[in-house]
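Peer 1: Order-wise, the sequence lines are chains A and B.
Going by UniProt numbering, the first residue of the first sequence is number 1, and it counts up by one from there.
Going by UniProt numbering, the first residue of the second sequence is number 1, and it counts up by one from there.
No wet-lab data here; the hints were simulated from the structure.
Treat the hints with care, as some may be off.
What the hints assert, rightly or not - Lysine to aspartate or glutamate pairs mimicking DMTMM-like chemistry, simulated, CA-CA at most 20 Å apart:
hint, chain 1, residue 1, chain 2, residue 2
1, A, Lys104, A, Asp159
2, A, Lys110, B, Glu93
3, A, Lys38, B, Asp112
4, A, Lys162, A, Asp112
5, A, Lys115, B, Asp112
6, B, Lys110, A, Glu93
7, B, Lys115, A, Asp60
8, B, Lys38, A, Asp112
9, A, Lys38, B, Asp60
10, B, Lys110, A, Glu34
11, A, Lys110, B, Asp60
12, B, Lys38, A, Asp60
2 protein chains.
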Amino acid sequence: MRSKLLLPVALIAMMLISCKQEEDANLAENDTTEIFPKGEKITNSNFVGDAWVQMLITADSINRNSVGNVTFAPGARTNWHSHPNGQIILALEGTGYYQEKGSKKRILRKGDVVKCPANLPHWHGAGPDSEFVQLAITSRVSGPTEWLEAVTDEQYRSDHTKD
Amino acid sequence: MRSKLLLPVALIAMMLISCKQEEDANLAENDTTEIFPKGEKITNSNFVGDAWVQMLITADSINRNSVGNVTFAPGARTNWHSHPNGQIILALEGTGYYQEKGSKKRILRKGDVVKCPANLPHWHGAGPDSEFVQLAITSRVSGPTEWLEAVTDEQYRSDHTKD
Numbered sequence: 001m002r003s004k005l006l007l008p009v010a011l012i013a014m015m016l017i018s019c020k021q022e023e024d025a026n027l028a029e030n031d032t033t034e035i036f037p038k039g040e041k042i043t044n045s046n047f048v049g050d051a052w053v054q055m056l057i058t059a060d061s062i063n064r065n066s067v068g069n070v071t072f073a074p075g076a077r078t079n080w081h082s083h084p085n086g087q088i089i090l091a092l093e094g095t096g097y098y099q100e101k102g103s104k105k106r107i108l109r110k111g112d113v114v115k116c117p118a119n120l121p122h123w124h125g126a127g128p129d130s131e132f133v134q135l136a137i138t139s140r141v142s143g144p145t146e147w148l149e150a151v152t153d154e155q156y157r158s159d160h161t162k163d
Numbered sequence: 001m002r003s004k005l006l007l008p009v010a011l012i013a014m015m016l017i018s019c020k021q022e023e024d025a026n027l028a029e030n031d032t033t034e035i036f037p038k039g040e041k042i043t044n045s046n047f048v049g050d051a052w053v054q055m056l057i058t059a060d061s062i063n064r065n066s067v068g069n070v071t072f073a074p075g076a077r078t079n080w081h082s083h084p085n086g087q088i089i090l091a092l093e094g095t096g097y098y099q100e101k102g103s104k105k106r107i108l109r110k111g112d113v114v115k116c117p118a119n120l121p122h123w124h125g126a127g128p129d130s131e132f133v134q135l136a137i138t139s140r141v142s143g144p145t146e147w148l149e150a151v152t153d154e155q156y157r158s159d160h161t162k163d
């Protein structure tokens with residue numbers, strides 16, 4: 001009788017393994033929704049923590065926009081900065097923070113859109129527990145980004161707006 | 001002996017069903033990677049087939065860029081058109097086509113980036129078998145889009161570049 005049970009038991013074991021493998025493959029495939037390459041690690045002093053940028057579009061004299069795909073490690077953020085034509089931020093993945101000078105910080109999630117006004121100091125980055133991936137669309141019509149001081153831990157941890 | 005086999009066989013059947021259900025759930029969850037809303041169906045005559053647009057950013061006098069999330073049904077496409085400052089297209093999902101006047105059409109897939117030169121007539125849309133979702137970033141610094149004739153079926157079906 002034992003031998004009669006061997007085949008079905010072996011089949012069950014095989015199926016369990018195959019089911020698990022398929023699940024793992026699905027997880028690996030859908031582990032990230034990354035659309036654009038992560039690019040190079042940012043090494044300048046305008047960021048705190050680990051961040052990466054892949055420039056997708058460089059501004060030229062006729063189409064004066066740059067587009068970059070920026071990935072922030074948990075806790076990483078830009079310094080305060082401003083743009084003479086403002087900036088557009090499109091949140092693609094993870095949970096991020098965005099704050100304008102004089103306002104509470106906002107939580108950004110996949111699909112959120114920010115239009116930052118011209119010359120208004122602001123910063124953006126990842127939340128403490130999640131990577132954050134965003135597109136930054138920056139008009140260079142009236143000049144380059146002005147970089148300011150670092151975001152303190154107190155500012156980083158400050159209250160956020162209700163959303 | 002038959003009754004001894006009943007339990008293992010029932011177990012196998014149950015596991016097959018459970019495995020399939022999990023797979024279906026995964027598929028449903030990952031059926032779409034949609035980041036931005038599909039928006040409103042486009043009803044003007046500058047498109048052939050079904051297309052939807054969700055405007056994410058409207059140009060203003062200081063940040064003169066518009067950003068739209070455009071979804072094309074299979075076979076749908078824009079008419080030929082040009083932009084005085086060119087256009088940036090970021091492919092988010094599905095398989096699309098992009099063609100500039102005088103060049104072969106290109107296949108666009110998730111993560112592909114196009115910088116269309118100023119005043120060069122071009123069109124974009126979905127391939128015949130797939131929806132296509134793209135961001136269109138359009139500088140309005142030097143004026144609005146110039147709309148031209150429709151893309152014929154022959155043009156739509158023409159050869160594409162190797163990629």
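Peer 1: All the hints need checking, so say for each whether the structure fits it.
Peer 2: Verification of the supplied hints:
Restraint check for Lys104/A and Asp159/A: satisfied, since their Cα atoms lie roughly 6 Å apart, inside the 20 Å limit. Proposed proximity of Lys110/A and Glu93/B is supported: the alpha carbons are some 15 Å apart, at most 20 Å. Taken as a hint, the Lys38/A and Asp112/B pair is honoured in the structure, with Cα atoms around 14 Å apart against an allowance of 20 Å. Between the alpha carbons of Lys162/A and Asp112/A the distance comes to roughly 14 Å, so the proposed pair stays at or under 20 Å and holds.
Between the alpha carbons of Lys115/A and Asp112/B the distance comes to roughly 24 Å, so the proposed pair goes past 20 Å and is violated. In summary, the hint linking Lys110/B to Glu93/A is supported, as the alpha carbons are separated by about 15 Å, within the 20 Å threshold. Taking the CA atoms of Lys115/B and Asp60/A, the gap is about 11 Å. The hint holds against a cut of 20 Å. Annotation: proposed proximity of Lys38/B to Asp112/A holds, straight-line Cα distance about 14 Å (limit 20 Å).
Restraint check for Lys38/A and Asp60/B: the C-alpha separation of about 31 Å exceeds 20 Å, so the hint is violated. This hinted pair checks out: Lys110/B and Glu34/A have alpha carbons roughly 10 Å apart, not beyond 20 Å. A C-alpha spacing of about 24 Å is found between Lys110/A and Asp60/B, which places the hinted pair above 20 Å, so the restraint is violated. At most 20 Å may separate the alpha-carbon atoms for a hinted pair to count; Lys38/B and Asp60/A exceed this at roughly 31 Å.
The structure shown violates the earlier hints numbered 5, 9, 11, 12.
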